[in-house]
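Peer 1: Single-letter residue listing:
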Amino acid sequence: MRDVAVVAFTQSDSVRRAFDRNEVEILIPVIHELKQNVGFGNEDIDFICSGSSDYLAGQSFAFVAGLDAVGAWPPVSESHVEMDGAWAFYEAWVKIQMGYAETALVYGFGKPSMGDLPEVMALQLDPYVLTPLWPDAVSMAALQARLCLEQGVTSEREMAEIAVRDRKNAISNPYAQVKGEGDPAALLEEPYLVSPLRKHDCSPISDGASAMILAAGDRARELCERPAWIRIIEHICEPQDLGVRDLTRSRSTEIAAEKSGATSDKIDVAELYGPFTHQEALLQRALGLGDATNVNPSGGALAANPMMAAGLTRIGEAAKRVWDGSADRAVAHATSGPCLQQNLVCVLEGN
Amino acid sequence: MSDEKSTEPVQILLTPVELDYTYSAGVSASRFLNAMAEGKLLGQRCPVDGRVYFPTRGSCPQHGVPIEGEPVELADKGTIVTYSINRVPSENIDLELPYAAIQVLLDGADTVLMHVLGETSIDDVHMGMRVEAVWKPREEWDTSVGNIKYFRANGEPDAPFESYKEHI
Numbered sequence: 012m013r014d015v016a017v018v019a020f021t022q023s024d025s026v027r028r029a030f031d032r033n034e035v036e037i038l039i040p041v042i043h044e045l046k047q048n049v050g051f052g053n054e055d056i057d058f059i060c061s062g063s064s065d066y067l068a069g070q071s072f073a074f075v076a077g078l079d080a081v082g083a084w085p086p087v088s089e090s091h092v093e094m095d096g097a098w099a100f101y102e103a104w105v106k107i108q109m110g111y112a113e114t115a116l117v118y119g120f121g122k123p124s125m126g127d128l129p130e131v132m133a134l135q136l137d138p139y140v141l142t143p144l145w146p147d148a149v150s151m152a153a154l155q156a157r158l159c160l161e162q163g164v165t166s167e168r169e170m171a172e173i174a175v176r177d178r179k180n181a182i183s184n185p186y187a188q189v190k191g192e193g194d195p196a197a198l199l200e201e202p203y204l205v206s207p208l209r210k211h212d213c214s215p216i217s218d219g220a221s222a223m224i225l226a227a228g229d230r231a232r233e234l235c236e237r238p239a240w241i242r243i244i245e246h247i248c249e250p251q252d253l254g255v256r257d258l259t260r261s262r263s264t265e266i267a268a269e270k271s272g273a274t275s276d277k278i279d280v281a282e283l284y285g286p287f288t289h290q291e292a293l294l295q296r297a298l299g300l301g302d303a304t305n306v307n308p309s310g311g312a313l314a315a316n317p318m319m320a321a322g323l324t325r326i327g328e329a330a331k332r333v334w335d336g337s338a339d340r341a342v343a344h345a346t347s348g349p350c351l352q353q354n355l356v357c358v359l360e361g362n
Numbered sequence: 229m230s231d232e233k234s235t236e237p238v239q240i241l242l243t244p245v246e247l248d249y250t251y252s253a254g255v256s257a258s259r260f261l262n263a264m265a266e267g268k269l270l271g272q273r274c275p276v277d278g279r280v281y282f283p284t285r286g287s288c289p290q291h292g293v294p295i296e297g298e299p300v301e302l303a304d305k306g307t308i309v310t311y312s313i314n315r316v317p318s319e320n321i322d323l324e325l326p327y328a329a330i331q332v333l334l335d336g337a338d339t340v341l342m343h344v345l346g347e348t349s350i351d352d353v354h355m356g357m358r359v360e361a362v363w364k365p366r367e368e369w370d371t372s373v374g375n376i377k378y379f380r381a382n383g384e385p386d387a388p389f390e391s392y393k394e395h396i
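Protein chains in written order, with my numbering: chain Y, 12 to 362; chain B, 229 to 396.
Treat the hints as calculated values from the structure; they're not laboratory data. Take the hints with a grain of salt, since some may be wrong.
Said to hold, decoys possible - Quick list of the computed label-pair ranges, beta carbon to beta carbon:
#1 B:262 x Y:70: 19 to 25 Å
#2 B:235 x Y:250: 22 to 28 Å
#3 B:262 x Y:28: 18 to 24 Å
What the hints assert, rightly or not - Here chain Y is said to cover these stretches of chain B; the calculated rule only asks that three of the stretch's residues, wherever they fall, bring their Cβ under 8 Å from a Cβ of chain Y:
#4 267-278
#5 285-291
Note that CB positions come from ideal geometry on N, CA and C, so glycine has one too.
Chain Y extracted, bound-state conformation:
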């Protein structure tokens, strides 16, 4: 395998509603800042890959406009996934591994505030038997949370503690949307939103974007003092039918962790994409994370959840900890689909 590293990362503020800007205008300053940080023009980028969703934008081929933020004349080598940018990151990594590129620009962006996000998410379900019922994303997560609580996999107390931890960590994250000190006991006094979930159990709805540069070998060493080397990326998918899955654990994360060797050594930092507190608890267990690991130093998705970018942002936030030396070995996780259906695990190392 080739040595490929994350060498630069930028993100927008995550906001509940980027009212005056469209999706592309959210993205433009992020891409521009990224290129400036590494002194890149388009001629320095061999491959471009993005993640976004037309369903969020409410119009077909919405992602094509995103290329305006990059500049696609003269023509560029480009691809897109209708998924979180974390999967665009995977495609770019494969492209570099195959020797087709030395550098890549990866970005994810979304403006879910344009629609009703929990309703829009119903469109990713089975179109014959589930979507016609329009189960919203929060209700589906609540069904999973109920199972986890009934079986003692987590507790409302632990869920509140996770929310408090992430919000506290987010105080030092200038891009985060929900941040501050909190008290689990006080949070548990709050009313249910969709039982057994309270507001603090749910990630916010965020408009935002993030972008990163990958580079191979010596190119990475030129661009970054301490590159975050991508040792492995695994992503595993579970069936679409919730009834055939065990929702009280994240089997796909467990398999991805095992196959990637993520859990075979110490993990200094883990950035987890858990859109709901009980899902973060499941992910921590799937990855076997203990006190030795700093979980979600950025605040995670519970502090900022820009759809289609939040997974890529987990990788970028993990890479930042490798760059600054606070982690020798970091694990980034991204998820897609209802109730942690599909999961990606990436191992980043400083040496």
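Here the structure of chain Y is known, so what remains is to put chain B in place on it, guided by the hints.
Peer 2: This is chain B only, laid out in the frame that chain Y set:
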């Protein structure tokens, strides 16, 4: 009997999808559209090579840089760089068939605007023809490029090919 029925293929399943979206045209397009409502045509200059994009847009698609400077107001006349004679009716276009669909390079702009030709015989339309905008009555103006009803020949001598060859 019931077995036969249960294995009949279901060929139609109606699952209506209705979702509401609240759009923002964006900062750049909003500026352009608001200016249209006042009868002004706004373009914006690329900070790298000075090309003027019409309408305004947030970035230069060639250089991939943000365009943040003050907009450039353009004349409502220009040069036809290409055209096509259209014989297909459209309920959205209030012109008699056949009519000419044209691409107009507004004076001062580096990108072309697609529009239609009116008050001018389609036998006369050609590349390099000079045209001017014919606006709808002011009371009908909206935040729309449709405020321009069509372009018509303005009688100026043809623009030399050299003046628009980079824009075809």
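Peer 1: Please go over all the hints and tell whether each is borne out by the structure.
Peer 2: Against the structure, the hints come out as follows:
The hint said 19 to 25 Å for the Cβ distance between residue 262 of chain B and residue 70 of chain Y, and at roughly 22 Å that hint holds. The given range of 22 to 28 Å is respected by residue 235 of chain B and residue 250 of chain Y, whose C-beta atoms sit roughly 24 Å from each other. Taken as a hint, the range 18 to 24 Å holds for the pair residue 262 of chain B and residue 28 of chain Y, whose Cβ atoms sit roughly 20 Å apart. Given a C-beta distance limit of less than 8 Å, the hint that chain Y covers the stretch 267-278 of chain B is violated, as 0 residues qualify and 3 are needed.
By the rule of at least three residues with a Cβ nearer than 8 Å to a Cβ of chain Y, the coverage given for the stretch 285-291 of chain B holds, with 7 such residues.
Checked against the numbered hints listed earlier, the structure breaks hint 4 alone; every other hint is satisfied.
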